[in-house]
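Starting from two chains that each stand alone, build the complex the way the hints lay out.
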Amino acid sequence: DGGITQSPKYLFRKEGQNVTLSCEQNLNHDAMYWYRQDPGQGLRLIYYSQIVNDFQKGDIAEGYSVSREKKESFPLTVTSAQKNPTAFYLCASTNSRQADQNQPQHFGDGTRLSIL
Amino acid sequence: AQSVTQPDIHITVSEGASLELRCNYSYGATPYLFWYVQSPGQGLQLLLKYFSGDTLVQGIKGFEAEFKRSQSSFNLRKPSVHWSDAAEYFCAVGSNDYKLSFGAGTTVTVRA
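Going down the list, the protein sequences come from chains Y and R.
Taking the working numbering, the leading residue of the first sequence gets -6, the next gets one more, and so forth.
Taking the working numbering, the leading residue of the second sequence gets 103, the next gets one more, and so forth.
Only chain R is shown next, with the shape it has when bound in the complex (with noise of 0.2 Å):
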């Protein structure tokens, strides 16, 4: 069965700064992955999508992600963050019968 590990529960990050939110799977095949952005008290939003082709994967609001098979990761960047980005935010693997397993996310905070 796939699983997905994010190990960071919490970061903060100062308002332009960079961000890296780290997701390592786990799935025997080739995977399908997601990162989706959750604001308090709202669904899921996604972000990117990775499932096969070029390794680096452009996402909207100016994210991206980077699969790397050797090291069975799929962390989410962002350049410089602005403060709506403060959210949580899940990793997710898919597998060929349309389930997506989650991570436990990651809280976003974002200082002025």
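Chain Y extracted, bound-state conformation (with noise of 0.2 Å):
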């Protein structure tokens, strides 16, 4: 089946390190995208690519850094910048290449970061 796989679903961080989070899709979508979610704030946009090689920075991007060499995969690294990392962590995908703009976005089921 076609979907999205968020790797790991729980993982925790030591002060001062970086750590990834893992995002695959095998829906031959077009454009991803990664967000934050903490508790009574909703989803925040963090990056998002429309395209290989390709990202651009969202509403939250300071901390985080992303890369996008495949068209499936689009990890996320969270530096020892980010100061409050602790956050539900979901990506996301979509066919941007569609006829009509704005197909709905597919989600992982998320990976859960914490600090030690």
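Think of the hints as simulated: they come from the structure by calculation, not from any bench.
Treat each hint with caution, since some may be false.
[What the hints assert, rightly or not] Calculated cross-link-like contacts (lysine-lysine; reagent style DSS-like; alpha-carbon spacing at most 30 Å):
no.	chain 1	residue 1	chain 2	residue 2
1	Y	K50	Y	K7
2	Y	K2	R	K151
3	R	K170	Y	K2
[To be verified] If you want the ones that stay clear, here's a sample from chain R, every Cβ over 12 Å from chain Y, calculated:
no.	residue
4	S116
5	Q140
6	L149
7	K151
8	D156
9	K163
10	E168
11	W185
12	K201
13	V210
14	T211
15	A214
[What the hints assert, rightly or not] These stretches of chain R come out as covered by chain Y in the derived footprint (C-beta under 8 Å, 3 or more residues):
no.	region
16	141 to 147
17	202 to 209
The beta-carbon is built from N, C-alpha and C at its ideal position, and this holds for glycine as well.
Below you can see the structure in the form of structure tokens.
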């Protein structure tokens, strides 16, 4: 079945450490997104990529980095510069090449990141 | 820039009763509107979407939503709630650059 796989489901970070969250999709979607979810704040966009080898900052990109070397993969690195990384991170993708713009985004099951 | 407001943080409803979740959006052009549902510790699942056409949209799990341009609203409804409908619900508005803006969410509790 096609879908989005996020790993790991739970991740712990030590002070000063960078950690990388994985997101893989087999939906053949061009666009991929990373969101951060905090209680009572909905989803906030960190980074997005509409095509391989290109990505843009979202609303809260500081302290995060991404790469898009393959269509299927969009890993997110939470760097030591992100002082409050504890959150639930969601990856999404959509088919941005359809004639109708804004096809729905499909979501993975998320990664919960906590500080040790 | 687009934005979404979900005025109700938490709603409690009895099983079998009707449910309505409110959503108000702000967007300068014709909006693309979505409702998603999230169970604890899970990702978001699309319930329904509105792009154009009929303003009453049917979705999965017996949900429907009505787009009212004059009120900038896209309220979600279900005639009879089941215990499995307990979850968090998010309204989202999309723009022409393929980005979504989400509301803060409404948590629904279903009592027996």
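Do the hints match the structure? See the list:
no. : hint          : verdict
1   : Y:K50 / Y:K7  : 25 Å, holds
2   : Y:K2 / R:K151 : 28 Å, holds
3   : R:K170 / Y:K2 : 39 Å, violated
4   : S116          : 25 Å, holds
5   : Q140          : 8 Å, violated
6   : L149          : 10 Å, violated
7   : K151          : 6 Å, violated
8   : D156          : 15 Å, holds
9   : K163          : 15 Å, holds
10  : E168          : 19 Å, holds
11  : W185          : 22 Å, holds
12  : K201          : 6 Å, violated
13  : V210          : 15 Å, holds
14  : T211          : 15 Å, holds
15  : A214          : 26 Å, holds
16  : 141 to 147    : holds (count 5)
17  : 202 to 209    : holds (count 5)
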